[in-house]
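Engineer: So the protein lines, in turn, are chains R and A. Going letter by letter, the first sequence gives residues 1 to 789 in the working numbering. Going letter by letter, the second sequence gives residues 1 to 251 in the working numbering.
FYI, nobody ran anything at the bench for these hints, they're computed from the structure. Misleading hints may appear alongside valid ones.
[Unchecked claim] Covered, in the sense of this in silico footprint (three residues per stretch, anywhere, with C-beta under 8 Å from a C-beta of chain R), are these stretches of chain A: (1) 90-104; (2) 108-118; (3) 121-127.
[What the hints assert, rightly or not] Here are the in silico distance ranges between beta carbons for each label pair: (4) A:D231 <-> R:R12: 27 to 37 Å; (5) R:Q385 <-> A:S230: 20 to 30 Å; (6) A:S230 <-> R:E297: 58 to 68 Å; (7) R:S537 <-> A:D151: 54 to 64 Å; (8) R:L407 <-> A:S131: 22 to 32 Å; (9) A:E93 <-> R:L361: 56 to 66 Å; (10) A:S131 <-> R:E297: 30 to 40 Å.
Glycine included, C-beta positions come from ideal geometry on N, C-alpha and C.
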Amino acid sequence: MILAPLDLKLLRDIGRMKGQLFAVSLVMACGLAMMIMTSSLILSLASTRDAYYAKHRFGDVFSDLKRAPNALRSRLMEIPGVTAVETRVTGRMTLDLPGMLEPADGTIISIPDDRPQQLHQLYLRQGRMPDTSRRNEVVVGEAFAKAHGFRPGHQIDAILHGTRERLTIVGIGLSPEFVFEARPGDTLPDNRRFGVFWMNERELANAYGMDGAFNSVLIDVAPGEATAPVLTALDLQLAPYGGLVAYARNDHGSAKRLDDELNVLRALSVAFPTVFLAIAAFMSSAVLTRLIRLQREQIAQLKALGYSSRQVGWHYLKFALVIVLGGTLIGSIAGVGLGEGVVSVYHKFFQFPSLTFHPDLTAIISALLASSAAAFAGVIGAVRQAVTLPPAEAMRPEPPAAFHTSLLERLGLTKLAGPSFRMAMRNIERRPWQSFFAALGLALATGIPIVPGAMRDAIDYLMDFQWDVAQRQNVSVSLIEPGSASALSDMAHLPGVISTEEFRSVPARLRFGHQSRRLAVTGMVPGSRLSRLLDESGTPVGLPPAGLLISAKLAEILGAKPGEMVRLEVQEGRRPVLETPVQGLITDYNGVAAYMDIDALRRLMKEGRTISGAHLTVDALQWPQFLQQVKESPRIASLAIKNASRQAFRQSTAEMINLVQGLYFTFSIIVSFGVVYNSARIALAERSRELATLRVVGFHHREVAMVLISELVVLTLVALPVGLLIGTGLAKGIVTAASTETVRLPFMLSARSYATAVLVVLMSSAVAFAVVSRGLRHLDLLGTLKARD
Amino acid sequence: MPPLAPIETPPVPARPPGEVLFSARGLTKVYASGESEVRALDGVDLDLRAGEMIVLLGASGSGKSTLLNILGGLDVPTSGTLHYRGAELTYAEENILTRFRRDSVGFIFQFYNLIPSLTARENVALITGISRDPMTPEESLRLVDLGDRMDNFPSQLSGGQQQRVAIARAIVKRPEVLLCDEPTGALDVKTGITVLEAIQRVNLDFGTLAVIITHNAIIADMADRVIHLSDGRITEIQSNARRRDVRTLAW
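Bound-form chain A, shown alone:
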């Protein structure tokens, strides 16, 4: 059994804050639920910068996923405003949002959502075909340590490997933003760490803004900032002076 927590690993060096990518003001999302309504987000103000590693923490129903989905252009707020690099996304047309997702955002979900009929390489190549300045699928897969499984179909890969293919697919276009919704939710500890490691590497090497949703408070230590949500509001933003390297985490 390999050591889960190496004794001494240097902390991740702090970097000067990058430019503001997302700027949310009074972001509110109300879902009609039968006769009543649910305020999934309730007046969220938030700025997220390039190169940051953000962890969203909160109980089920706290509004984490709603916030992530609105940031990623998968959903639109009921009120409030959202700007990306100064451009308003709040009420953008479906086409603009698709364009935004295609060019700027990489998504990672709890379930890997790979195309079962395409190999690892082809799943990644799906994105290189529609991106402006992608790396090659091979480069991307090597970044997540899957250089030797490129021609396997999803059904021939383990859960962790599938999730890493999903990461390779998300990063191959060199996105400015990586949005991860419980990326380790379906994985065991060891596999979870290899996946988080890949996310961390992308964040550090490319200066990609990474936003990770999790239930797992321990993961919060790898973040620059930890945003606590409850009932659709931000209850606390905690800045870590020192980020811990993922490889030192254990739960």
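If we strip away everything but chain R, and leave its shape as in the complex, we get:
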């Protein structure tokens, strides 16, 4: 193929400028990678979820109840809009696992044995379903099985409803209701200590005293039908049977957690790419403007030879196209690679039969369009200027650059500054936009690494806040059924127990205006010393004798302010309803909760010294004996061990944080390197004559480099503080976007995070500058000086 001469010129010019074009492409690629990664993740996660929910029939409406006869099922089928009803038995159980001192716990769910499973159909990864003719066979959830290396054939000891049983694992399975396989209310999965199990209905009902009855309902609503009337009808039907308030998918723990993740991704998919594309646009503009300026005479020649303005303009736009194609190619590869990396982390949080990464082609095409738009917007001005110049004028050298004393000098602030500083200031003022965008690029590069810094700081703070300041117990024990005063004294007599603090927890719905939330209302001892309620600054908040303290996030969701009355609908016992004031707000970081004085709650429930559990401090020396005894206590449903939770939390966040940090640091390095490299290359090209002069009159290489660097130093010094501000805003924005009802992060930034950001930018800038200043050494002194301007 024979290339047109202009295209040959293009190829050779690209060859000479490859470093600079590559730098711009890389910055562009950062934005595109982020864009492609997030939208592909959204696509993968959402489509996998939708397919899974549809194929395995995830319900639309859910409710728990005390106990209802199986005959009720056919009545539920008659609720208008309902297409399928599944009734089942669920229960909590404690597990005694070999090699684990502490007990684990789990949820066990029935599989119908006289009919096919209607909803929440199990996906069997391995093994088979329990045989109706055999005893104690279970299917176990995959995350828990993986954490322990369980396979079909393994046996485990469990306490079901107070009876110790040896269960045989026959299968490993997944269910759409446990995509997020975690203990209800937990921020992150702790797959070693919490598992899900499935057992044949008759056997499970028998173990839990639920023969011929059910305590959990799932309902599928016909497509297009509203769920609200179904919720109301279901509540009505279940009320006589101790039904808790029915809820839809948006209140379902696992489904909500997955939706929250998608929302965070959506927030990230817009903000970041915009920033990177803007920097890339300015960089392409700077590079091509300079190219066009240097090729002024060539442009004139081409036009004198008869090339049209359109041909010449298109020739220069092709440079932008090269940048865009390079950026899109790198960005797509990086975006897909990163997405695959993130999916492998998702495998630890979300359980799907198969979660594979699907590159979002639409996103790649929009990335190509967005980056083309950005690059063309950046260069169109320079191209237009080049082609509109009449050839004769273009062939004359550009008039000498006009300079003025800089503003700082006119203000008399630079009396003591040396000539290179003065040159820097005047150059900056002569090209304010170029300087502004270079500084902006550096500022953004400084801001980016602050985001992972803020996450790390937030998690450090959160761990201290939650597990040192708020919770001072070693362990919290929950009972299977509410117990009496004797249950508390039993706990106090467990080996090594030093102190106890009882709590009472009841499921409830809190309403304010049109908003409501399902949550647990916890009654606490006033002036509690172990588990404490804290405000934002970590100061304990006293429990009022009447009224509620609620999570600040809950107040935000409900729109209720302290002093306002909310409606508390308890879902247990006699189901009392109470209009009560919000007395204050407390700060917590996962889920939402409400607290009240334990005696006030008991009076409301019309009960005596009932407890749901207790917080304990335990003598470290007797810890093993304590745990052993707990494992043998049939009344204990679960044990939250503070140090174990803390460690599990640290482990599961660490990987995500490291991934984010690696990503953002890379982005920051690319941007700061790219900006400094390009600015220095442009300065080198534009000011080669002046730099060569300095060399000729006796300046050493290093001294000339100082002249070149001082402008960048000034820009960097301006950019750093601005960047720290931008980064703070960016981090705050992301922390806010990632603050959902299920998980929140406090906004924290340490000096270390700021210092790291500054260091990252300074170091990559220094390296970029060193690379360019090598070119200074090879400057053709004579050629430069003898050339006409």
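With chain R fixed as given, assemble chain A onto it according to the hints.
Structural biologist: Coordinates of chain A only, in the frame set by chain R:
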């Protein structure tokens, strides 16, 4: 229009020859040019003394600029030797050459090569900052009759004024050598003369060795010696018994 050639101006008095500054023997420079090679300098032997005014004459490609660049430490010869005040410069390290340029040599080019972002005064002050015994920028600028334009930026000065700032910048460090590569090449006659006048003044007042490259044979009359170059060799060295004052030149 001012008179270009005053009727009677006394010739510049001859002075006793100064000590030898440059001593070149067999100086040869070969440039590889694709497959062939170009002998830009071909065995040049030459001594240049303090206080001399030298003009290098020759056609384009005769080797004038190559010789000037090697003398000024901007280039190194392929073979032969070059001594400055008895010290060998031939294969000196980059640092030594930079030092040499900084301390001993002033350069003037056809294009003035001023720093556009610095005023006249600051362009000159750039050098006073790194020299051992400079005059003040103001003194230097007054020597080239620019005492009243010191705070102008290059873009606010005419070509001749810019070239005089370049001369002020070259002489402010009181160099022993002034190397001028076609200093009037881009200027009209009248302006060219004011520039040459400044060079002559420095040569006479400070005893600076001045080497001027030119195409213009008339300028040769202001020199002590005129060196003719052709194809990289010296073809003739012509000594003027009497130097003409620059102000009497016309072309």
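Engineer: Each hint needs a verdict: does it hold in this structure or not?
Structural biologist: Okay, the hints, checked on the actual structure:
1. Chain R is given as covering the stretch 90-104 of chain A, and this holds because 7 residues of the stretch bring a CB closer than 8 Å to a CB of that chain, at least three being needed.
2. Only when three residues or more bring their CB closer than 8 Å to a CB of chain R does the claim for the stretch 108-118 of chain A stand; here the count is 9, and the claim holds.
3. Under the rule that three or more residues need a Cβ within less than 8 Å of chain R, the assignment of the stretch 121-127 of chain A holds, with 4 such residues.
4. For D231 of chain A and R12 of chain R, the Cβ-Cβ distance of about 34 Å falls inside the hinted range of 27 to 37 Å, so the restraint holds.
5. The hint said 20 to 30 Å for the Cβ distance between Q385 of chain R and S230 of chain A, and at roughly 47 Å that hint is violated.
6. Range check, S230 of chain A to E297 of chain R: Cβ separation about 32 Å, and the 58 to 68 Å hint is violated.
7. Separated by about 59 Å at the C-beta atoms, S537 of chain R and D151 of chain A satisfy the suggested range of 54 to 64 Å.
8. The supplied range of 22 to 32 Å is met by L407 of chain R and S131 of chain A, whose beta-carbon atoms lie about 31 Å from each other.
9. Range check, E93 of chain A to L361 of chain R: Cβ separation about 60 Å, and the 56 to 66 Å hint holds.
10. Checked against the given bound of 30 to 40 Å, the beta carbons of S131 of chain A and E297 of chain R, roughly 38 Å apart, stay inside it.
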